[in-house]
Every structure is written in structure tokens, then in C-alpha cells.
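Please put together the full structure from these sequences, using the hints given.
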Amino acid sequence: GAVVSQHPSWVICKSGTSVKIECRSLDFQATTMFWYRQFPKQSLMLMATSNEGSKATYEQGVEKDKFLINHASLTLSTLTVTSAHPEDSSFYICSARARDQIRDEQFFGPGTRLTVL
Amino acid sequence: DAKTTQPTSMDCAEGRAANLPCNHSTISGNEYVYWYRQIHSQGPQYIIHGLKNNETNEMASLIITEDRKSSTLILPHATLRDTAVYYCIVRVNSGYSTLTFGKGTMLLVSP
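Chains A and B, in that order, are what the protein sequence lines are. Each residue of the first sequence is one higher than the one before, starting from 2 at the first, in the working numbering. Each residue of the second sequence is one higher than the one before, starting from 109 at the first, in the working numbering.
Simulated from the structure, these hints should not be mistaken for lab results. The C-beta atom is built at its ideal place from N, Cα and C for all residues, glycine as well. Treat the hints with caution; some may be incorrect.
[Stated by the list, open to error] Listed below are several chain A residues computed to face chain B (Cβ distance under 7 Å; list not exhaustive):
id	residue
1	77
2	110
3	111
4	112
5	116
[What the hints assert, rightly or not] Lysine-lysine pairs mimicking BS3-like chemistry, simulated, CA-CA at most 25 Å apart:
id	chain 1	residue 1	chain 2	residue 2
6	B	211	B	177
7	A	65	A	21
8	B	211	A	42
9	A	42	B	160
10	B	111	B	177
11	A	56	A	67
Okay, structure coming up:
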């Protein structure tokens, strides 16, 4: 299957700082990328959908000014958590949908664990 | 997208078949059944999907009832590495539909 990477795999930051998480599709072009958040013992919650070259679409309750998403190329999307606070500590997972795939599958990255002190 | 209902947890002995059920009684005619799994602290992994016919790949088999109101994911010979949360998701197979994850089934494979 297709490979999606995330960087960093984990990050610890101080409250008030900003953190950027990268999501890359390594062997395919992704027109659409998705960002999810997962709190301990809970399921994945979709935060936003981003299409290459256009603004992201955020789910209800997700602050677009706090979670900045950039999808500047067909292989890279970034999520920036601005002015992070302890309640933003979570497991952030991206996924990518291939551009030319017959089967409509989303391929997920390994996740980034964010801890805000 | 239609909602799904799965048992919270299941146990399976290593080497035996694991049969994971999923109810999706409100599924629409154009909705597919997808299965993903998530091993602890990793991203979800695609397993299999189907519309109405049974499907099989190198990982698992998917059995969908004739009325499409339920399905079963079968891992024919479960290993310890199959311990994970398994998600059954129903969605339209289009470029604009998203995956909505429920609580899934925690499958524990033990020696």
C-alpha cells in the first residue's frame, strides 16, 4: 500500500508555543489530506480536510485560527498548533487520499504525539 | 453516513479465527463497508472493504449479509500482532466522503 509519513513522531513543548506537524505522501500524489485528533482511550475525530492549493475545511468545533493547515503541494500538508495549551495534548494523525487510485482508500500516517507542558 | 454498532471487545486465541461482527442496519444502497484497524499508538491501517459481495485479500475476509445490514470481518489465523482496535465504517465511495470512526472493537489475541 501507499506510504504516508509524519514528522515529528512525538513532540513536547511549553504552553504558549506553536508546533508544526508535517504529513507527507511518499510514493503517491494526494489531492486530499485529512487531519485527525485522538485523545486517550477515544476514537479518531476528524479535525479538517485539506485540498491541495485551497483552504482547509474544518469540522464543527475546531478553531481554524488555532489549527493552521497548509496543503501547498500534492505530497505535503502541515498542521500548526498555535499557542498550544495542555488541553491540546493529543495524538494527531494525518491521512491522504491518492489522486489516481481506482480504489478509494485513505492511507494513514503513523501519528504525532503532542504533549504540552 | 450510516452508523455502525460493534462489540466493545473480543478475545481470540492465537492461531484461531477471529470473527468480528458489525451491524449497519441503516446502510444505504450506495454505501460501502470498510474495515480499518489501529494498533496501539499507531495510525489506522486499511484492511478491506466491500459493497455486497464477499471479499478476501491477504489480510482478511469480509462477509456481508444478503440484506447488507451486517457484516463480519474474519482474520483466519489470528496472531499476537493482530491485537488492535478494529473499526467498521460505512461510507459512500466517492472522492468527497470522509471516514467517521466509531469506538470499534478491541480485539485481544492471546497465546
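To see whether the hints hold, each was checked on the structure:
no.	hint	in the structure
1	77	violated (17 Å)
2	110	holds (5 Å)
3	111	holds (5 Å)
4	112	holds (5 Å)
5	116	violated (13 Å)
6	B/211 x B/177	holds (19 Å)
7	A/65 x A/21	holds (14 Å)
8	B/211 x A/42	holds (9 Å)
9	A/42 x B/160	violated (32 Å)
10	B/111 x B/177	holds (11 Å)
11	A/56 x A/67	holds (14 Å)
In summary, the structure is inconsistent with hints 1, 5, 9 from the numbered list given earlier, while agreeing with the others.
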